[in-house]
Each structure stands twice: as C-alpha cells, then as structure tokens.
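S.K.: What follows is each chain in one-letter form.
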Amino acid sequence: MIPELGNFALILALLLAAVQAFFGIAGPALGRERWIAAVTPAVAGQFVMVATSMGCLVASFVANDFSVLYVAHNSNSALPLFYRIAGVWGAHSGSLLLWIFLLNCWTVAAAFGTARLPREFSARVMGVLGTVSLGFLLYTVITSDPFLRVIPPWPDGAGLNPILQDPGLAIHPPMLYTGYVGLSVAFAFAGAALLEGKLDREWARWARPWTTAAWAFLTCGIALGSWWAYYTLGWGGFWFWDPVENASFMPWLMATALIHSLAVTEKRGLFKSWTLLLAVLAFSLSLVGTFLVRSGVLISVHSFVASPGRGEFLLTFLIIMIGAALALYAWRAPMLKSESGFELTARESFLLFNNILLVTACGTVFAGEIAPIVSLALGLGKLSVGPPYFDPTFLMSMLPLLALLPLGIHARWKRGGLGGRGRILLIALAAAAVIGCAVAFGVFTGAGVLSPVGMTLGAWIIISSLIEPIDRLRRRISMSRSVLGMTIAHIGLGIFVFAITAVQAFTAEQDVALRSGMIARDGGYTFQFQGTEAVHGPNYGGVKARIIVTRNGKPVTVMYPAKRTYWVQHIVTTHSAIFINDGSNILVALGQDLGNGRWSFRLQVRPLVLYIWIAALIMAGGGLLALTDKRYRIEPSSAEEAAKALSAGGRTP
Amino acid sequence: MRRLSPPRTMLLVALALLVAPIAHAIAPTRMPTPALQARYERLIHGFRCMQCQDESLANSPVSLAADMRRQIRQMLLAGDSDRQIRHFFVSRYGYFILFKPPFVLKTAWLWLAPGVLLVTGAVSAGWVIRRRAALAAADENDEDVPGEDGVASPGKHTR
Chain A
41 MIPELGNFAL
51 ILALLLAAVQ
61 AFFGIAGPAL
71 GRERWIAAVT
81 PAVAGQFVMV
91 ATSMGCLVAS
101 FVANDFSVLY
111 VAHNSNSALP
121 LFYRIAGVWG
131 AHSGSLLLWI
141 FLLNCWTVAA
151 AFGTARLPRE
161 FSARVMGVLG
171 TVSLGFLLYT
181 VITSDPFLRV
191 IPPWPDGAGL
201 NPILQDPGLA
211 IHPPMLYTGY
221 VGLSVAFAFA
231 GAALLEGKLD
241 REWARWARPW
251 TTAAWAFLTC
261 GIALGSWWAY
271 YTLGWGGFWF
281 WDPVENASFM
291 PWLMATALIH
301 SLAVTEKRGL
311 FKSWTLLLAV
321 LAFSLSLVGT
331 FLVRSGVLIS
341 VHSFVASPGR
351 GEFLLTFLII
361 MIGAALALYA
371 WRAPMLKSES
381 GFELTARESF
391 LLFNNILLVT
401 ACGTVFAGEI
411 APIVSLALGL
421 GKLSVGPPYF
431 DPTFLMSMLP
441 LLALLPLGIH
451 ARWKRGGLGG
461 RGRILLIALA
471 AAAVIGCAVA
481 FGVFTGAGVL
491 SPVGMTLGAW
501 IIISSLIEPI
511 DRLRRRISMS
521 RSVLGMTIAH
531 IGLGIFVFAI
541 TAVQAFTAEQ
551 DVALRSGMIA
561 RDGGYTFQFQ
571 GTEAVHGPNY
581 GGVKARIIVT
591 RNGKPVTVMY
601 PAKRTYWVQH
611 IVTTHSAIFI
621 NDGSNILVAL
631 GQDLGNGRWS
641 FRLQVRPLVL
651 YIWIAALIMA
661 GGGLLALTDK
671 RYRIEPSSAE
681 EAAKALSAGG
691 RTP
Chain B
6 MRRLSPPRTM
16 LLVALALLVA
26 PIAHAIAPTR
36 MPTPALQARY
46 ERLIHGFRCM
56 QCQDESLANS
66 PVSLAADMRR
76 QIRQMLLAGD
86 SDRQIRHFFV
96 SRYGYFILFK
106 PPFVLKTAWL
116 WLAPGVLLVT
126 GAVSAGWVIR
136 RRAALAAADE
146 NDEDVPGEDG
156 VASPGKHTR
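In order, the protein sequences belong to chains A and B. Just so we're aligned: the first sequence equals residues 41 to 693 in my numbering. Just so we're aligned: the second sequence equals residues 6 to 164 in my numbering.
Because the hints were derived from the structure by calculation, they are not lab data. Bear in mind that the values here come from a model prediction, so they are computed numbers and not experimental data. Using N, Cα and C, we set each Cβ at its ideal position, and we do this for glycine too. Each hint should be verified, as a subset may be incorrect.
Stated by the list, open to error - Dumping the calculated DSS-like pairs for lysine-lysine here, alpha-carbon to alpha-carbon at most 25 Å:
{"hint": "1", "chain 1": "A", "residue 1": "Lys422", "chain 2": "B", "residue 2": "Lys105"}
{"hint": "2", "chain 1": "A", "residue 1": "Lys422", "chain 2": "B", "residue 2": "Lys111"}
{"hint": "3", "chain 1": "A", "residue 1": "Lys238", "chain 2": "A", "residue 2": "Lys377"}
{"hint": "4", "chain 1": "A", "residue 1": "Lys307", "chain 2": "A", "residue 2": "Lys377"}
{"hint": "5", "chain 1": "A", "residue 1": "Lys594", "chain 2": "A", "residue 2": "Lys584"}
{"hint": "6", "chain 1": "A", "residue 1": "Lys307", "chain 2": "A", "residue 2": "Lys238"}
Stated by the list, open to error - Listing some non-contacts, in silico: residues in chain A with all C-beta distances to chain B over 10 Å:
{"hint": "7", "residue": "Val102"}
{"hint": "8", "residue": "Pro192"}
{"hint": "9", "residue": "Gly363"}
{"hint": "10", "residue": "Ile559"}
{"hint": "11", "residue": "Val598"}
{"hint": "12", "residue": "Gly661"}
Please put together the full structure from these sequences, using the hints given.
M.R.: If you want it as structure tokens, here you go:
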C-alpha cells in the first residue's frame with residue numbers, strides 16, 4: 041500500500057510540476073493574473089507530493105519491504121537503520137527521487153525568498169524550476185520508478201553497496217546534490233531575466249545569495265567526497281581527476297566564476313549577458329555531470345549508480361533544456377547592454393580575469409572529461425585521461441588566478457589603482473615569499489620548483505586578505521557580512537593552496553610487507569606490525585591489524601587499519617587508520633595477506649593534508665556568512681505596501 | 006544476526022579477497038638502485054590497471070596488475086628505456102593503459118584545448134577592457150565608486 045501511495049504521489053507531483061511550469065511561464069508572458077496566482081499553490085502541492093513520495097520510499101526501506109524491487113536491491117534486514125535510510129539514495133532511482141526532493145526544497149525556499157519580488161518575476165522563476173522538475177519527474181516515472189513491486193517478494197534484500205556503508209559517503213550524495221540542485225535556482229533567476237528581457241543591478245542582488253548558497257553546499261559536497269576517497273580507497277589519495285570527481289568540480293568552477301561575475305553585475309551593472317551565460321552553463325554542467333555519471337559512459341572509482349540505456353532519456357532532456365536556454369539567451373542577450381566603463385587596473389578587470397581563468401580551467405577539465413568519448417568516436421579506441429594531463433593544464437590557469445587575487449581584492453572599482461595599498465601588498469608578497477621558501481626548504485626537504493611558488497602564493501593570499509580587516513579595525517569601521525564572508529573564503533583558499541602544495545611535494549609513502557613483530561620506517565616514524573585479529577560487525581566481518589607507531593623511540597599511537605568483508609555482496613572495503621600528529625596525517629592501509637603471516641601495508645605520512653578539507657569548510661563557511669548579509673534581505677516593496685493598503689480598504693469582487 | 010566463528014570469518018575474508026578485490030596497498034617491490042626504483046614508481050603510477058575502475062598499477066591489488074608490475078620490473082632490470090616499456094604496453098593494450106594521453110593527430114585537440122582557451126580568453130579580455138577603458142575615459146563623472154559594502158578604500162585616488 042505504501043509504495044503505491046508513493047508512486048501515486050509521484051505522478052501527482054508530475055502533473056503539478058506541469059501546472060507550475062506552464063502557468064509560471066505563460067502567465068506573466070500573457071499577463072494573466074489568475075494564471076500567475078495558480079503558480080504558488082502548484083509549488084506547494086508539488087512539494088507536498090514529492091515529500092510524500094520520498095517519505096513512502098524511506099518508510100519502505102525502514103520497514104524492510106522487500107516486495108519493492110528497489111528496496112530489495114539496495115537494503116538488507118541486517119543493515120543498521122542509518123544505512124537503510126541512506127539506502128534510499130544508494131542507487132539510481134532513489135537518488136533521482138532525492139534529486140527531485142531537493143529541487144522541491146530549493147523551489148519552496150525560492151518561493152519564500154522571492155515572495156516580495158515583483159509577482160511576474162517570481163512566477164517566472166517558479167516556471168523555470170517547474171520545467172526542470174517536470175523533466176526529472178518524467179524521467180523518474182517513465183524509466184526509473186523506485187516503487188516497482190516484485191512478486192514474490194524477496195526473502196531478504198541484496199544489501200546496500202558496501203562502499204556506501206560509511207558515514208562520510210552516506211551524507212556525501214545529499215550534500216553534493218543540494219549544491220548541484222541549488223544551481224538550478226541561479227539558472228531559474230537567469231531564465232526569468234531572459235524571459236522578461238530585463239536585467240538590472242537589483243536582479244543581481246536577488247540572485248547572489250542563492251548562487252552563494254549552492255556554491256557553499258557544492259564545496260562541502262566535493263570536500264566530503266574527497267575525504268571519503270582518502271580514507272576508504274586505501275591508497276591515501278584524495279583527488280584523482282576521476283570522471284565523477286570532475287563532474288562535480290566543473291559546476292563548482294563555473295559557480296565560482298558566477299559568484300564573481302554577479303559581484304560586478306550588482307555593483308556596476310556590467311557583464312550582464314556574461315553573468316546569464318555563466319548561470320546557464322553552471323546548471324547545464326551539473327546536468328551534464330549527472331548524465332555522465334548515470335550513463336556509465338565513463339569509468340570511475342566512484343560510480344555506484346551506472347545504468348546504461350537510461351542515459352538516452354537524460355541526454356534528450358539535457359539537449360532540450362540546455363538548447364532552449366541557450367536559444368533564449370542568444371535571442372535576448374544582445375538587448376542587455378551597458379555603457380559604463382572601467383580602467384585596466386580596476387576591480388572589474390581583475391574579476392574579468394578571474395572569470396576567464398576559471399572558465400578556462402573548467403573548459404580544460406571538460407576537454408579531459410569528454411576526451412575518452414571523443415576518442416571512441418574518432419576511432420582511436422579507448423583513451424585514459426589522468427593526472428598527467430589535468431595537473432599541468434589545470435595549474436596553467438590556476439597559477440595566474442592565484443597570483444592576481446591579492447591585487448584584485450584591493451583594486452578599486454571603475455577608476456582602478458590599488459588605493460594606496462601597493463606598498464603594503466609588496467611587503468605582504470615579500471613576507472609570503474620568506475614564509476614560502478622557509479617552509480619549502482627549511483621545514484621540509486627535497487622541494488621542487490613549484491612548492492615554494494605554491495606556498496608563497498598561498499601565504500600571499502592569506503596575508504593580503506587580512507589587510508582590509510586589520511585596516512577596518514584600526515579605523516573602527518565595521519565590516520559587512522558579505523565582505524567578511526569574502527575575506528574568510530579567500531583565506532580558506534590561501535590555506536588550501538598552501539596545504540595542497542605541501543601535500544603534493546612532501547608526502548612520504550611506501551608499500552611494505554611485514555611479518556608480525558617487524559618494523560618499517562616512513563616519514564620519520566617507525567611502524568611495528570603486531571599481528572592481526574578478526575572483527576565482527578552487524579553485516580560484515582573482517583580483519584584488523586595492530587600497528588604501533590613511534591618516533592625517535594617515543595610512542596606516538598597505536599593504529600588499527602582494517603578491511604571489511606560484507607557478507608551479502610562479498611565485497612571487501614578498506615578502512616585505513618589515520619592519526620594526526622604535528623599537523624601531519626599518518627595513514628596506514630591494510631593490504632593483502634601475502635601468506636605465512638606476512639601482510640602488505642601502505643604507509644603514508646602527509647603533512648598538512650587535513651587542512652585541505654578544513655580549508656574547503658572555511659571557504660564554504662565564508663560563503664554561508666556572506667549570504668546572511670542584510671543587503672540581501674528584501675524589504676517589502678512599495679507595490680506590496682500599496683496592495684496591502686488597497687486590500688485593507690476593501691477588495692473589489 | 007548470527008556471529009560467525011573466527012576461522013570461518015578468516016575463510017570468508019580470504020575467499021572475498023579472491024573474488025572481489027577493491028582493497029589496496031600492494032605488495033612492495035624493491036629495485037636494486039634508487040634511480041631504478043624512482044623510474045619504477047613513476048612507471049607504475051602512469052599505467053592504468055586494466056581490471057579496475059580507475060586506478061593506477063601502483064594502487065591495484067589484482068593479480069593482472071601484479072603481473073604487469075613484474076613485467077615492468079623485469080624490463081627495467083633488462084635495461085629497457087621508459088619509452089620501450091611504454092611502447093610494449095601500448096602495443097598490447099592500446100592507449101587506454103596510459104594515464105597520460107599521447108600527443109597524436111586525433112588527440113592533439115585535447116592537448117591544445119587549454120592553451121587555445123586561455124589565448125581566446127586573454128584576447129577577449131583585452132578587447133573588453135579596451136572598449137571599457139575608452140568608455141571610462143569618456144565618462145566625465147569622476148566620483149569614486151565605494152567598495153563592496155559601501156566603505157571607500159583609504160588613500161589617494163590614483164590614476
């Protein structure tokens with residue numbers, strides 16, 4: 041009964057999405073007040089229906105209803121409750137439902153957020169969001185119904201993919217999806233502006249907090265995925281330019297560009313059509329990312345939801361959606377002109393460079409992402425594109441970006457110049473260079489050319505970001521939350537650059553084979569293997585090794601790297617042991633049983649690696665702080681007050 | 006959930022290791038000289054494991070990867086160059102095995118794309134800035150545009 045209810049709710053949601061899309065777009069276009077008035081109830085109704093559907097799927101998982109095929113495939117009676125719920129997004133159909141659910145959450149939030157904006161504009165935003173929702177609901181209902189029954193019911197489920205049975209990965213998809221889907225709001229704002237044929241600085245002020253919010257979630261989602269890869273994939277890597285990683289990284293790069301372009305549009309009324317294009321591209325890339333991951337055309341360590349065949353529908357939807365948006369753009373964008381100017385050294389120029397470099401980086405990643413597909417089409421056979429391509433080409437656009445950042449944040453709008461900050465920026469650069477070289481050559485050894493450069497850039501970004509807040513403190517001028525948020529996010533980036541440089545250059549890593557009692561040395565630490573023991577979990581068994589870590593004869597810690605075997609799927613997962621000492625992460629991963637009591641291990645000592653994820657959280661935190669700025673709070677408009685006064689005076693029938 | 010006895014557990018673990026290896030930390034290889042060791046490490050990081058999802062030989066525990074590592078080791082010890090070793094594997098498995106795509110006619114676009122993008126971007130930026138600077142020069146209104154939150158930056162106006 042419950043699954044049928046869920047299915048029914050999903051179909052009702054589909055109909056309501058169609059209502060929302062049609063009235064939201066046609067209402068304002070034809071100036072029909074009553075059509076516009078129908079949009080908000082449709083949004084509310086769709087949300088209730090999708091939430092019901094989601095609730096029904098969760099209920100089926102919690103109740104171990106193995107007569108539902110999707111539950112039978114992705115859950116098991118031995119699975120703990122937390123992972124039964126995570127099982128909802130453990131495979132294709134359920135993660136689509138999650139996608140739609142999150143889209144509806146964003147839509148409702150946007151409905152509240154735009155309630156005080158002009159009614160036509162708000163309706164158009166809802167109309168575009170309804171169109172997106174309609175496409176995904178159609179996709180789900182037609183090709184991927186999660187409520188399909190199986191007769192007879194399975195006695196027990198096949199169990200959740202073990203790689204998902206980890207707290208990090210269980211919350212990673214919802215977080216990442218929240219970011220992906222959040223970009224649809226920025227897209228809907230762009231769509232509404234294009235439909236209206238009008239875009240002013242006010243529009244940018246409305247769109248900014250939504251973009252920043254989506255960006256912050258995307259940042260957290262990517263960081264979580266990378267943390268998960270670091271400690272479960274068993275080789276201590278955190279970024280492999282894997283197709284799935286790239287699929288989430290491309291929208292992030294675009295969203296980052298969009299945030300900066302929106303700043304110019306709000307402040308100076310410039311880059312209008314460019315901002316719209318970025319909003320369209322950022323969301324399109326999140327759709328393309330979903331498609332690439334779903335369709336199984338790419339090979340990835342992260343792909344747990346590949347379902348070839350279903351890709352075609354998504355591809356068609358993608359082409360219609362993106363095609364329509366770009367066509368609308370090509371038609372309307374030339375109307376958006378502005379005649380303001382700025383000098384070469386103005387803030388606007390630096391933000392333009394920022395955008396060009398970020399888009400170049402994104403294009404580079406995109407080229408690498410689709411190269412295997414293009415290669416097949418060209419008859420070259422399968423092709424791999426890995427770090428040897430991405431590392432240098434990505435750095436090519438990132439290094440100038442990082443070098444220009446400290447100048448950009450101090451450059452003045454319009455007339456340009458550094459406003460007398462040139463000297464202090466030079467001093468900051470000198471200090472950063474001293475720190476960078478000291479750390480690269482003093483604290484660590486064996487630094488290459490890039491590590492002092494990377495560390496200097498990281499330190500320069502941090503120091504130069506601090507100039508403004510310190511100056512404001514001295515002059516006793518308060519700082520708005522948006523400026524503070526920006527400053528924090530930039531400091532986060534500086535820390536990130538510094539940390540990733542250290543990690544890339546100074547990781548000590550080796551694979552060793554040890555018999556009980558034997559020791560190995562790595563990165564200044566001594567590791568003694570003390571044998572293995574069995575471990576028992578609710579739905580897995582496994583083995584863990586005991587490793588005593590010492591440095592200079594002093595005990596540091598005892599580590600228990602483990603491997604689990606999940607009974608149901610017969611899949612082994614690695615659970616590396618990680619210990620943080622003096623800012624370095626010590627990682628021990630248990631390898632293979634080599635026979636005769638010998639086991640292989642990977643030992644890895646990575647300085648500052650933890651700060652990569654901390655820095656990502658700082659960046660996201662800065663973004664979230666910025667969007668609470670009171671500038672983005674929309675005051676009741678005069679039109680609304682007039683309407684209130686009118687309704688107080690008695691409504692005409 | 007019934008508990009399994011430790012020997013049975015170990016047996017299952019061993020079985021599972023045989024059938025579904027996604028675990029890592031490979032058995033180590035020692036080369037006679039540090040130079041050879043470095044070349045060996047670089048080579049195994051550059052080849053894809055042909056049996057895994059998306060991992061290098063350096064991180065793959067499957068037996069095929071172990072065989073390939075052994076092959077690389079033997080070829081290195083026999084004095085083959087990196088180029089010869091790469092050629093050996095590419096002739097058997099195709100370009101797919103290399104994480105670094107080759108620079109050939111049909112992949113040239115991939116290697117040229119970043120540069121072309123950057124140059125296009127730089128040229129358009131130059132064009133936009135020239136146009137905007139001309140507009141700024143024509144603009145009589147010389148008042149300062151305040152910073153992000155309405156606070157003007159300190160110091161003199163520099164032009």
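S.K.: Next step is simple, just say for each hint if it's right about the structure.
M.R.: Now for the hints, and whether the structure bears them out:
At most 25 Å may separate the alpha-carbon atoms for a hinted pair to count; A:Lys422 and B:Lys105 meet this at roughly 13 Å. This hinted pair checks out: A:Lys422 and B:Lys111 have alpha carbons roughly 12 Å apart, not beyond 25 Å. Distance check on the hinted pair: A:Lys238 and A:Lys377 sit about 10 Å apart at the alpha-carbon level, within 25 Å; holds. Straight-line distance between C-alpha atoms of A:Lys307 and A:Lys377 comes to about 15 Å, which keeps the hinted pair within the 25 Å bound.
A C-alpha spacing of about 24 Å is found between A:Lys594 and A:Lys584, which places the hinted pair at or below 25 Å, so the restraint holds. Pair hint A:Lys307 plus A:Lys238 holds up; C-alpha atoms about 17 Å apart against a cutoff of 25 Å. Against chain B, the non-interface label of A:Val102 holds: every CB pair exceeds 10 Å, the least being about 18 Å. Against the 10 Å criterion, A:Pro192 stays outside the reach of chain B, whose nearest CB is about 24 Å from its own CB.
Residue-level check passed: A:Gly363 sits 22 Å from the nearest beta carbon of chain B, beyond 10 Å. Remark: the non-interface label on A:Ile559 is consistent with the geometry, its nearest Cβ contact in chain B lying 14 Å away (cut-off 10 Å). No Cβ of chain B comes within 10 Å of the Cβ of A:Val598; the nearest lies about 18 Å off, and the non-interface call holds. No Cβ of chain B approaches the Cβ of A:Gly661 within 10 Å, the least distance being about 18 Å, so the stated non-interface status holds.
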